[in-house]
Structures are given as C-alpha cells and as structure tokens.
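This is what each chain is made of:
There are 8 protein chains.
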Amino acid sequence: METEEILSKVKSGDISIDEAVELLKILPYEDLGYAKLDHHRKIRKGYGEVILCEGKSTEHLINIFKHFADNETDVLGTRASKEQYEKVREIIDVEYDELSKILKLKRSKYENLGEIAICTGGTSDIPVAEEAAQTAEFFGSKVLRIYDVGVAGIHRLISKIDQISRTNCIIAVAGMEGALPGVIAGMVDKPVIAVPTSVGYGANFKGVSSLLTMLNSCAEGIAVVNIDNGFGAGYIANQINRLVVGSIGK
Amino acid sequence: METEEILSKVKSGDISIDEAVELLKILPYEDLGYAKLDHHRKIRKGYGEVILCEGKSTEHLINIFKHFADNETDVLGTRASKEQYEKVREIIDVEYDELSKILKLKRSKYENLGEIAICTGGTSDIPVAEEAAQTAEFFGSKVLRIYDVGVAGIHRLISKIDQISRTNCIIAVAGMEGALPGVIAGMVDKPVIAVPTSVGYGANFKGVSSLLTMLNSCAEGIAVVNIDNGFGAGYIANQINRLVVGSIGK
Amino acid sequence: METEEILSKVKSGDISIDEAVELLKILPYEDLGYAKLDHHRKIRKGYGEVILCEGKSTEHLINIFKHFADNETDVLGTRASKEQYEKVREIIDVEYDELSKILKLKRSKYENLGEIAICTGGTSDIPVAEEAAQTAEFFGSKVLRIYDVGVAGIHRLISKIDQISRTNCIIAVAGMEGALPGVIAGMVDKPVIAVPTSVGYGANFKGVSSLLTMLNSCAEGIAVVNIDNGFGAGYIANQINRLVVGSIGK
Amino acid sequence: METEEILSKVKSGDISIDEAVELLKILPYEDLGYAKLDHHRKIRKGYGEVILCEGKSTEHLINIFKHFADNETDVLGTRASKEQYEKVREIIDVEYDELSKILKLKRSKYENLGEIAICTGGTSDIPVAEEAAQTAEFFGSKVLRIYDVGVAGIHRLISKIDQISRTNCIIAVAGMEGALPGVIAGMVDKPVIAVPTSVGYGANFKGVSSLLTMLNSCAEGIAVVNIDNGFGAGYIANQINRLVVGSIGK
Amino acid sequence: METEEILSKVKSGDISIDEAVELLKILPYEDLGYAKLDHHRKIRKGYGEVILCEGKSTEHLINIFKHFADNETDVLGTRASKEQYEKVREIIDVEYDELSKILKLKRSKYENLGEIAICTGGTSDIPVAEEAAQTAEFFGSKVLRIYDVGVAGIHRLISKIDQISRTNCIIAVAGMEGALPGVIAGMVDKPVIAVPTSVGYGANFKGVSSLLTMLNSCAEGIAVVNIDNGFGAGYIANQINRLVVGSIGK
Amino acid sequence: METEEILSKVKSGDISIDEAVELLKILPYEDLGYAKLDHHRKIRKGYGEVILCEGKSTEHLINIFKHFADNETDVLGTRASKEQYEKVREIIDVEYDELSKILKLKRSKYENLGEIAICTGGTSDIPVAEEAAQTAEFFGSKVLRIYDVGVAGIHRLISKIDQISRTNCIIAVAGMEGALPGVIAGMVDKPVIAVPTSVGYGANFKGVSSLLTMLNSCAEGIAVVNIDNGFGAGYIANQINRLVVGSIGK
Amino acid sequence: METEEILSKVKSGDISIDEAVELLKILPYEDLGYAKLDHHRKIRKGYGEVILCEGKSTEHLINIFKHFADNETDVLGTRASKEQYEKVREIIDVEYDELSKILKLKRSKYENLGEIAICTGGTSDIPVAEEAAQTAEFFGSKVLRIYDVGVAGIHRLISKIDQISRTNCIIAVAGMEGALPGVIAGMVDKPVIAVPTSVGYGANFKGVSSLLTMLNSCAEGIAVVNIDNGFGAGYIANQINRLVVGSIGK
Amino acid sequence: METEEILSKVKSGDISIDEAVELLKILPYEDLGYAKLDHHRKIRKGYGEVILCEGKSTEHLINIFKHFADNETDVLGTRASKEQYEKVREIIDVEYDELSKILKLKRSKYENLGEIAICTGGTSDIPVAEEAAQTAEFFGSKVLRIYDVGVAGIHRLISKIDQISRTNCIIAVAGMEGALPGVIAGMVDKPVIAVPTSVGYGANFKGVSSLLTMLNSCAEGIAVVNIDNGFGAGYIANQINRLVVGSIGK
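Chains as they are written, first to last, in our numbering: chain Y, 1 to 250; chain P, 1 to 250; chain U, 1 to 250; chain A, 1 to 250; chain S, 1 to 250; chain V, 1 to 250; chain Z, 1 to 250; chain X, 1 to 250.
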C-alpha cells in the first residue's frame, strides 16, 4: 500500500486514523524516506552518475552504461581500463581519456561554472591531476592547468601565482614530499584541495609521506583527499565552484 | 638603494638603464617580491591575523596582541589557555571562549556571509567543533550547530538533514570510528569538510582511526583536515562560504 | 503538524491527499522515522541506557542519572571515577564497582539469561574482565569467572575447559601476547568474544600486539572488540546469551 | 598400556596402586587428555571439517578430501582456486562456488537453523560476503543477503532495516571507510559480526582503515574478524544462530 | 575423588573398570594433567618462582612472598618499586636492588653455573642490563659485566672481545640504533641474546628502532627479546648456561 | 712488512724501537687485529661457510662454491632457487633440498651433537621449519620434527610435550597468531627460539602479528628471530646445542 | 612591458617614478624573481641537469636529452632502464651504466674535486652505492670504493679505516640492520652520508629498519637520505667535496 | 707489558720473535688498536668532548665535568636541565644556554671557521635550532640565524635567500609539514642538513610527518638527522664547514 492509498482509505473511512498511523510507520522507507533523500540526490543526479569502473566486469559495466543511456542520464566512469572502454563503446557511444582513465557518457549541458586551478608538483602527478580536471570539467567547471611547479624550483610556481589566485578553488596535486599545497595556500586566499599521490619511493610509503605533509600544513585554507584520489578532489572543487554560480543566480 | 632611488637616478641619468636592471635584480626581495605577495595577503589580512597561542610565553603574546591592537587589526588566537587570556586582558580588551580556547580581538565588522553547518558525532567532539564555529563566525559566517548526531543513532541525523542541506558548506566533526562525514556527504550535495578528533581509546590511536575513515569515505564531496584541527576546518569553510557572497556582489 | 493531525485533516477534507503526501514528506523525521527506529531501540532500552562517564562533568552526569531515575529507566555508567560516583550518590541511590569503574542505577528486573564464561590470561586483565562481567550481569546474564588461566601455564586452563564449554558464550580477555582466545576457541565450540588489553610493555604497543594475535587466530569461532573494551564484549555476549532465552520462550 | 589395562592390573594385584598412579602420569595424553578434548571437538566435527585450500598442493588436497569422503565426514574447503576444484572433482564428487572460492563435500543434513543477515557496503565486498554466506549455509543457517547498502547512500540501508532486525545475527561486510557495521548496530539490537575488506586504495592500507573503523565503532553490539575473513564471520554467526535452535530443543 | 581413591576402589571391586575409566576422564586436570605438567615445571621451580611486581598491590605482594617463604621457595620479583620493597621487608626478610628494581627472597643454593657476559651500548642501558644480570645470578650464573661499549666507539668493544668470547652466552643490551648485538655476534661464536632498550628519542619510537636493528642483523647467532625485557634475557641465558653444567654432570 | 719481519729488524737493530712502534701502528689490521678476530672466526669456520644465494648471479654463486670446494671448506647456501642449484651442480657435486631451498656442499664430518626439537603451528610453516632443520643438521645437531601442532588444537601439542622436553633446545615456528612458542615455553624448561612466519593474511601484515605475539609472550625462556628466518633459528639452536657437547668433552 | 622598457619610459619621462614602482610590482616574477633565482641555479647548472628517467616515456626522454645536447648541457639520467638507454642512444651519443642504471650525456670537464669514500655493508647494496658513485664522479669527485665491509665482520672495515678517513666525505650504504654508518662515524671525523637500502626481508620492512638505525645512530657526524637514494647521497657528497676545492681556490 | 717493552725484550733477546708475536696478539687493544683509533679521535677531541646530560645524575655529571676540566679538555653538554647546570656550576665554572639547554665548559680557542646558516620554519622550532647553533659555534663556526621563514609565507624566505646562499652549509629546522629544507635546497646549491622537529599535533605523530617530508624531498642536496636532533645537525654542519678552512690551510 502506497502513501496515497493509505490517505484515500483514511478519507473514505476505510481505515481509522490510528490504523493509518501504524501503516505509515511500517511503510517501507523507500516510499517516504527514500523519496525525500532522493530529492537531495536529484540535485546531484542532475549532474549525472559516477561509476567506479575498476574491478567491475565488462558485462556489468555495459549494463550500467546502457541503463543510464536509456534514461538520458550522464555517467562519469572512473579508473576505467582501455579494454573496458573498447568493450563499452561497441554498444554505446562513450568518450575515453587514456591519461586519466575516465570514461564519459555525456548528453546534457551544464551551466557554465567559473574556473578552478589544478597544479601539480611534477610530471608524474599529471594522471591524478587529469582525473581531477576531467571530473571537474564533466560537471561544468573551467580548469586552469598549471603542471610541474613543485617546490624544488619555487620560482616556477611564483610566476604563476597571480593566475592561480584569480580562480575560485585550487587543486594541488603532489607526490614525494607533498609540499606544494601548503606553499600555494600561503600565497593565495582561496580554498585549496590537496591531493597526495603515490609518486615516490622508499620512505614515501606509497603516498603516506605526501598525505601527512598536507594534513600538517601550517598554511590556512587546505583540506585533503585520499592518496591518488583525483576524482574526489575534482568533485568537491566543482561543488565549491558551483556555489559561486548558484549564488550569482539568486 | 630603494626602488624609487634607482628610478630617480635612471631619470636623472646618473645610472644607465642596464645598470638599473642589474640593481633591480639584486634589490632585496622585501621591496618588490614581498610587497607583491603582501598584496595577496592583504585580502586575507582584511579578515584579521591568526595566532597560535599554545606554547607562546605570556609576554610574547601580549606584545603581539598590543601590536595588532595598535594597528587596528583584528586577531584570532587559537589554543589559548585561560591563564593566557587572563594575562592578556589585563592589558588589552579581548574576549575568550573557554570551550574552544579561542581568544579574540575584534574591532571591525565583516560583510555578512551565508550559513555553514557544523555537526558532531558525540558530545566529546564539541570543543573541536566550537573551535571551527568560533573561527568561522569571527570571519563572518553564520553557523548552524547540530551536535551529537553520530551514526550509532542515525535517526537523530536524518531528522536534521534538510536544515543541514540548506547551508553552503558542512563541517563534520567525529572521533572514534569517524563515520559521520561520509554519511552526511551521502545525503547532502554541498562540500563537506571532515575533522577527525582524537576522542576514543585503544585502536583509535589518538584519532588515526577517524582520520583514515574520513579519507577513505566512498561518498563524494569530502575533504579532510588534521586531527583536532577545528580552526583549519572553520577557516576553509569560511573561505568557501565567502565565495558565495563574493559572487553575489559581482 | 503531527501525523495524526494531517490524517484528521485528510479525513475532514481540510487538505487534499496530494497536500497530505507533501506534508508527510517534509514532516520531521522524528515523527515517523525516529518513532520507527525508536521501536527497534525500545527493545534495547528495556535493558536500560548506557552512559560513558569518562570525560563528562559531574553536573552533566548527575543530570543524566536524575533524568533516567525520574523516568524509571535503568542506567549503566562505564569508566566512572570514584569521585564521579561519590558526587552522583549524594543525589541518587546508585551502586559502584571500583574495580570495573561501573556505576549502576538499576530498578527493574530482567529475565534470567543463561551463563557466559569470562576468562583472563593474567591478574592484570581483571579490571577489563570485570567491566565485561558487570555489564553482562546488569543486563541479565549469569557470569562464570575463570581468571588467570593464561597460556604460559596451559594446564590451569585445561582443567577448567569442561565448565567453560557448558556456557553459552565465552569472553576471553588477554594482554601481552593475547593467545588465550585462540586456545579456548580450539577447545570449545561456542562463540568466543576476544578482548585485547593494553597490559604489557615494549613491543606490545599498548595492546596492539594482543589485538593482532586475536584477529589472526587460526581457531574458528572468534570475534574481537577494541583494546580494553570490556563493556563492548559484555554487551554483545549478553545479546548472544539472550538469543537462547528468547528462543526458549517461543 | 592403555588405561583399562592398567586398571585391570590394579584389580588383579599385578601392580600396586602407587605404580598405577605413576603409570597413569606417564600415559600418553592421547589416551585421556586427547580423548577428552576430542569429545569437545566431536560436537564440532558433527558439523564437518574445514580445510584452507590456498597453498596446498593438489595431491595433498585430493588426499584430504578422499580421506574425509571415505569417513563420511563433510568438508568445507576455503580459498580454493578453480584449478584445485577441477582436479579434486576428477576424483570425488564436490561442489564449487567460484565467487566465494568455496569447495564443498557435503553428505549429511544439519538441523535447520534460523536466519542470519549478511550485508555489504558495496558490490566489491560481495566475494567476502559470499564466503561468509556459503560457510553459514554449509553449517545449517538460512542467509538473508542484503548487498550494496553502504552508508554513502544510507536510505538504501534504512529501507531494509526491518528485515535485517528480524534475523538472529548480522554479518556486516565493508571496505573503504567500513562504517556499515556501526550504522547497522545503531539500529538493530542483535549481535553484529563486522568484516573489514581490503577493498579500497591509498590510505585504506589494504583494509586497515575499515578494520580500525569497526573496532572503534561507538554503537553497541559489534565484534570484528580479520580483514577479508568471510569464513570466520560465517562460522561464528552460525555458532550464534545454533544457540537459538539448541535452546528451543531444550 | 583422587586418583589413588579411584584405584583403591577398583582394587576392592567397589567400582568397575569401566566406571573407573569414566571417572578418570572427568577427574580434574589438576590431578593428572597438572601433576604431569608440574613435573616439567618442578625442574624450573627448583630455581624458584618469578613474580612481576609492577601493578600488584602491596597487600597482594606481601601475601605472595609470605606464601613462598612459608614453603621455602625462592622468589624473584621483577619491576618492584622501592615502596613495594619497603613494605614487604617489614614482614619478610627480602633483598632489593634499586637499579634493576629486583626484589629477592633467596634461601636455597643452586649449583654453580658457568659465566655469561652482559654488554651494553651506553650507560643508560645499564638498568635493563642489571635486570638481566640479577636474574641470571639469582638462578646460578656468573656474570661478566661489560658496560658502555657501544659501536660509536668500536675500539672499546674490541679490546674486550677475548674475555667475552670465553663465556657461554652473551646478552647484548642497546638502545638508540641497537647495533651492538650484531657487531658482537660477528666476532664471537656463542649465542647472543639481544635486548633492545627504549633509550633514545625521535625516530627511535621507544625502542622500535633498536628492536628492528636486532631482528635484521646479518650476523649469525642472534635472537631477540622484547624491548627493555632484561629479565627475559637473563632467564633464557641462564637456561642456556645450565645446559653446559647439566651436561658436564652426565 | 709483516709483524715477524718488523720484530726481526728490531732484533737486528735495523730499525729502532720507536720506528717499530710506528710501523706496528700502521700495520694493516689484517695482520694483527684480523688474525686475532680470525681466531674467533675459525672456530665457526670449522663448521663451514654460509652463503645467502638469493639475489646472487649464477656465475657468482658457482665461483663461490668452487672456491670453497677447492679449499675443502663446507658451504651452506640458503634461499637457493632450483635453477641456481641446477647450474651449480653442473660444475660441483652439491646437494639440494627443494622445500627449504638449502644448497649444501659438505665434505667434513662434525662431532655428533644432541637433539633439538623443531615444532610448527601449521603445515604452511614447514618450509621455514625445514630451513632451520637443515641448517642445524648441517652443523651436527639431531632434529626432532614435530609439525602441525598449533594452539588451535592444543591436545596435539600436549601429547608430544614429553618428547620435546627431552631435547636441548626448541625451535617453535608459527604464522598467523604465532602463539605456539609461548605455549611450549610454558610447559618446557629449555630455551625456545621462536620463528614468526609470514603465513597469514589481512591484519597479519606479512608476519608482524606473529612477531609481536612472540616478543610479548609472558612465558619465560623465549627469544625471537626475524620473520621467516629459519636459518637464523637453526644456527643459534645449533650453537646452544654445541655447548652441551663442548662441556661434556671438558 | 619588460623592465628595460619601464626604465626607458622613466628616463624619457613617459611615466612617473611612482607609476614605474607600481609597474615593477606587477611585473611577472619571471622577469626579475625568476632571473634572480636562475642566477643561483646557474651555478648548479654548470654541473649539468639531472633527470629521473623512471616512469618517463621514451619519446619524452629522447626529447629531453636532445634539447640539452643541442644546448651543450650535460645530463645525468637516473633509474634508466636498459630499454630506455637503447632507444636514446639511437639518436644521441650517451653512456649507460647497467649496475647503477645511470644514463650520461657528458661534454664538459669539471674541475677535479677531492676524494670521497663509498662503503657498503654487503654486495647487494652495490647498485645503490654505484648510483652514488657515478653521480659523484659525474660532477667531478674522485671515488674510493670500499664494498662489502658490513659490521657482521667488523675486522674487514677496520683494516680500511685509515684510507677512508683521508677522504673528504664518506657515503655509507647498508641494508638489513644498517649499522655501518654509525660504526664508521665512530672512527672517522668526516661527514658521513648514510644511505639505507631496501635489502633485507621480514621485519626489515623494505628498508625502514636500516633507515631507523641510521637516524638513531649515537655516533656524531651522520645525516641520512631516503631509502635506496644513492643519487641523493652522491649529489650532497659532491657538494661537500666541492667546498674544499672552492676554498682552496680562495 | 707495553709495546715498547716487548720490543725492548726482543731486541735484548729476552724473548724470541715468536713469543713477541704471541704477546702482541694478546696485548690489549687499548695499546695498539685503541691508540690508532685514538689518533682519529684526537682530531675530534681537539674540539672537545660531547656529553648527553639528560638522564645522568648530578653527581655523575659533576664528576665528568671535573675530570675534563682537570685535563683542560673542553666539554659540550647537551639536553642539560637548569637544575643540572646550577649544581655543576657550584663546582666548576660553566656556561649555560637555557633555550638550547646546552652546558659549556670551554677553555681553548678554535680556528675561525666560515659561516653556516640556520633557518627555522616557525618560532617553536627555535630551541632545536639553537641546539644546532650553539653546537656549531662551540666548535668554531659562525652562525647566520634566519628564524621563522616557513613555507606558509614563502616571501619571507625568498628575501633572505641571497644571504643564505653565501654560507658554506645550511641547517633547515622545521616541524609540522617540514617543507622548508626542500624549498631552500631548490634555491641554494650548498649542502642542506634537514632537522625535523616534533612541533605539531594530530597526524604529525611527534615529528614523523616532518621527517618523512624531508627524506622524500625532490630537491637535490639534502640529508636528514633524527627528529629534534639539533646537536647532530650542528655537529655535521661544523664538520662540513671545517673542510673549507682545512683546505684553505693546505
């Protein structure tokens, strides 16, 4: 029995108000709770679905993409292998970016959001940075890419700092010692999303060193995502970026 | 020789242009570089200075506060002991919040920013949450406090989720298992700043357990600050919040 | 507007069914969701409330105990200091166990549950074991205490194994190398709840060594709680124990 | 000399009582101690043997299975590769489940036990969950599978909570942040066995993050097994489940 | 019923052999099993009891010492505070060594064992070394003390190496980098028991650095005990030393 | 110039005493120091050389074995692959044990030493145990192998304890929870060398769990070697075993 | 507008001095700051560029080497695979050292620097040592190689200590327990650069054990680089070595 | 018998050459080996002795200082408490620096060495920096102090970089994220000794975060000492600095 049905029966006197209260209590959460939560989710869904492709079978992946394609929903697939892409595109018209391993099914247009900056310490950090960049672009952000400006040659970064400071949010991606986000946050008064990468060796411990550096930064205005989590950084940077547009429209 | 002096001599012909270029190169960075960076810092300084009081001698602290008071600059002191507060207020008129250990010298008025939400898992997380709240309020944010809504009683959180989702940015503070930020981010499409606290015992390892939980959240839209770093979370949340106001003004 | 009120208005035709659906959607979760969840919680509440006393102010603690005393609800306070106990008992008639630091307000009688066994490796593990024992007893379990039967003198344990195997569930508490639960589980076919303690020094790392030992046990039928978490072990053992009684009653 | 023989000789006067005491002392433990312990083990053996297949040679594995098949003993093989299965089934009629890698030789029927629930956070946790499910089913439990209800979309879980709360014991399997068991335990008053999985990346550290989350849960009624140890969870859940049936029979 | 009693009844025909077998099976393990194990333990007990004093109440400690004094059993108490000693000696005539915190009740004489060497890297390692030395001496070993011969001044060690190599077993105690045992084992062909100490700071991690160094030594003939476990080293060194005497006597 | 030559020249007056002192000071350490140390090493060398084969090129390995074969020196090669063995035996007559990966060149006969016991927790620990066994046998020990007597089925161990306690030294090898050495040391008064193995998964952390268990054992008479270091255990057990024989001969 | 242009306009009176100061402030950092920093970098560049080859595509690598070859700049490539070398040398005349994986493009001659010593504990540490040696030689140092002088056979090291102490700086490379640098620093009064290697197994944790040993050395005059970072050690040793030559020239 | 005595007797024929060789072999190492090593140590001793005061009793400390004072040897005491200083100066005329906790007995004059720079990230790092500074000054270095130039305000550092680059060696001291040494090494071509401090909180783990940052720096020319080891940095920096002077003198 759905909510409407219960209410109809209350109205018609088929069930008492007490009975209705009881029924509403045991009504599956999908009906009310879910719908309500769904309302919140719909805002995001307007921006499409996100699928972690890594570890999924090709059949499973094709089904997911077909399902969303049929429903006119955009999909962003992360950590997709080239093999997965090739199988999926036999069935559905998808795009693939080999560097960031992002697989895209995009039909709708989003509002144009403002610009975010994505900086990397070295060239080996670029795949993670591109995962962030492609994610943010998928959801409507413009991206200023400033790669290979690590703190071991600080003048490279300083010469770009004006450009960087004019964007709404900065993603700073770095492996090894991971000092880049702290140095940027010391020079720019915008939120900095720090992404440690697993680039390095020895006592880097697959990104732990960079992660700790970023969490301990003494500059103000930094928050950190998981090691190599370019997608997570791109997603939250886009959320922040959208606040600007959203408010303009008010 | 200062920049103006060099330029005067160029104008008067006392030195050649080539000589001036050389002189400008060796001119101390304070003059140019510093000034330039200062320009970026001034935007932030408009929002006052931040001082970590912990570990500073009372004399040192009083001097700092006096210096800024004389310059009509606001100051936010973090991790100040009650003793430090009592000594400082003998000299300068400062406010103190015992729970968050925040010491404030505030003269100016900031623009009114929008609202951010600050949620905690338990009551023991409140001091860290208040450090975040007081910081954000100091810099102009309105703060919606939703405390003690940890995931061990998820219905408490669910009943507040609509209120939370109407703010611009959420700070989620949690110790022990630290699952709160992930659950909130799964229900709300706004940036979530996660703050692990050192509340817990045994295999909590002074907040490491909560920190790892937050970094590994599978919900989208979370970034994390250091363990117990309420100030850091309040600062970046205020930066995000300001983007909204800033853009409205455009 | 409460659920009943909405339903009344539907019945009376004051609002349409569609309007009612909308109202139910925005009705605070406390009303429906909370009530429903509360239903689940009530089963447990019948067994009283649990309060972590550590870190709570005396005033706060007295208020909580008074509130529950007024509502005829039993309360189990864990990690209470003797000072806290002395202050609380000035106002309310509570019991205190100094070894386990458990503070009890108990009015109701529970059904008599079956027996669980609580074993310790050494005498230093007894405070944690007693926290488990007092918790289980508070909620209705009988407890067989078998203390100081660590694996460094395995014959002490073997002579008790028949007694142990006749209980419904075993809590095995051990510090240092933490081998006790595995040895018991190898001899008894009942669920074993393992509690690592922080007893030890050097490479024990405050209980980490015992914790790892227990997680890695090659005996079947072991699950582990946090270091020093006697309460957690007592609680789940009592839940398991109650399954037996519950089913008998069917 | 066996016990009976010694006793006969005492009776006949062939040896003195003192000599008999001495003989009994040096009598191999197999005779008394072993038999006694065996008595405990037999209860479990009635539920069949458990073999860890991983790392065993095919020849060794075939011998073990043949031995038990000849003795009409059921065998549950865990972590068996498909290759191992194919070799073993050439000789003995065994069943294999590819997802959980469980290899079964089952002849006897067990009493029908009640139902346990097995929940997972994501789809990648399913192989571990199935190891638990197949194990519990092998030993007689009914299993309610509730997969992919992670806390990043809490409404999915809430809609199932009534079903879950009607089972005797819940196994909650989760990787990444591992928050699922705590959220379930906060809503259901049945024992929850938490299984961390190694699903995740970066600061997940192959399941350590999930493990710590589960050990630190502030909800009551959780105990944890080793990372990816689906078998261990299924085994202890079945032990708990059996307590209900056992007691009914009383 | 004791074993002798059962046997008497068998002899007298009061019980049948089958009944006796059953009785022997349920006879508490203390009687047979314990006795048997006790036989092994007696060898050690001849060398007295060992009591960890740390964490024991004075009353408890006095009782233990009185009990053993009454039974003419020697006792070695480890990690005893001066306060504990002062209380105990009011009742029983015990000796105390302040440096090693060892409390001794010694009545019997042991055979004279051969010599072991105890070396330390620095002077701060001496309390741990003395715990080893006093333990070994208590059980009959002669001890050659070679303190403060750390590898940062290798010549000090080299000049003593002949003396060291003439003992039966070497205990090498070191904090900080913990390299001493490996260097000794490279020069002497006797078993080396390595004791890491918690002496050091920073990345020493309370002895972990020294522990790892010792476990990873590439010299042959080293085995390691827990951090600061002087007692454990002294005990096993004495066991090794006793093998020499034992065999001489054959 | 050798020592003798210098002395001859002193005697003949060719050089002054002062010159001789100077010459002796700069005389390469090989001459005196080395010789002296060599004297200690020779005792061990009498027992042959030890070569870590892993990571050495086949050519290098063949050269080493040829060199020692020409010098009539025995060689024990550890961690040798089958491929290495096959190449070496083309040139020199060596023996190989596939399970322990030990490669042997043995010409001489050693005195017959007494017996040591080697116990394992499971069957997966056998390769490490065999590395210990083959090493000890190579250097003259007799080895009593007691495999698969882990603490999850303690009766298997108890039935063998008499046999074990009659040897001179016990090597206890265990992975997973690593509790075996502590249980043995609680029952036997001989030195126990504990070997953690990397057998296990999840929170075993490649042997760290077993290692910590062994270091933290509360039984007396245990010392530990590195994870999987069967060779190290076999070597030191043989050293201990030799003390018995050595002393008998006195 | 470039600096010169601004100065010209000041001279010609086209802009005022105040306007020029403002312009100079917003002048991109490349112009002044960069140039200035470049001045510092040029000193180093005189010693050629350093390229981490690992992880770079062959095309990318060839382009880099061609670019520098065209500019007559020397290049030191580290961690180059043989495949990378073979591809690069098809285009440019480069040298390759297989052991250290160093790829060299060297045209210029450097001043002859003094000698540094490079010591290793074992033969497995040689590849890391050679990376250090080749780096130092590339930049002008003479290198004294003293390999396989680990502390397990300390006499080998002692016999070389005079030679070592006559060099300007020592690089000590060691895996396993990593004690070599501390022992050398105890005998020689020159700066010792310690390089932990990942050689070892078990509780070595891929070089962490050696790293900790070196950081905790109680000898004076040691500083440490990352695990396996031969290049880093060779570079700083060469910098130190150059100080001697530089000063001689004064 | 001393070396000279043996040689005299060889010359006089009182002992044979063979006897002399034997005597020289057993001659304590102090005589030859020690003397030789002492020769190396003397160079350092010329710079005085170093004593770690922490953990030493006042009596012990006074004795040490008196001994060296009597021998006209300079002493540098590290980590001395004010109480220790006050007791020592009652007997001997020593100097004390409260910030660095360094206790000095200095009589001799050293050659004047060149200048080293000591930089800190924050003001809390100054005590560690001063330990380095006082150590280097004690042994003859001039010290340029550049404090509070952390990377969160990079312009402060840049303005000083010319001054810094003119010294012979840089010590960079930093807590929290520890990025300072890497940024300096990227701008200056002199050896940088990095000192992590334990300043910070949460995921700083008492300096581990800073330590890892420094070990993983991608800038060339950095080596690291233990956490808070200002003395170690000052000592090696002085050694490097002395190489310049030493070579000038050649």
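If you're looking for bench data, these hints aren't it; they were derived computationally from the structure. All C-beta atoms, glycine included, are put in the ideal place defined by N, C-alpha and C. Accuracy of the hints is not assured; some may be wrong.
Derived DSS-like pairs: lysine-lysine, alpha-carbon spacing no greater than 25 Å straight-line [unchecked claim]:
no.: 1; chain 1: V; residue 1: 82; chain 2: A; residue 2: 56
no.: 2; chain 1: A; residue 1: 11; chain 2: S; residue 2: 9
no.: 3; chain 1: A; residue 1: 9; chain 2: S; residue 2: 87
no.: 4; chain 1: Z; residue 1: 66; chain 2: P; residue 2: 11
no.: 5; chain 1: P; residue 1: 82; chain 2: U; residue 2: 56
no.: 6; chain 1: A; residue 1: 206; chain 2: U; residue 2: 206
no.: 7; chain 1: U; residue 1: 56; chain 2: Y; residue 2: 11
Some but not every residue of chain S turned toward chain X, in silico, with C-beta under 8 Å [to be verified]:
no.: 8; residue: 127
no.: 9; residue: 198
no.: 10; residue: 201
no.: 11; residue: 203
Now for the hints, and whether the structure bears them out:
| no. | hint | verdict |
| --- | --- | --- |
| 1 | V/82 to A/56 | 20 Å, holds |
| 2 | A/11 to S/9 | 9 Å, holds |
| 3 | A/9 to S/87 | 56 Å, violated |
| 4 | Z/66 to P/11 | 45 Å, violated |
| 5 | P/82 to U/56 | 20 Å, holds |
| 6 | A/206 to U/206 | 23 Å, holds |
| 7 | U/56 to Y/11 | 51 Å, violated |
| 8 | 127 | 10 Å, violated |
| 9 | 198 | 12 Å, violated |
| 10 | 201 | 6 Å, holds |
| 11 | 203 | 5 Å, holds |
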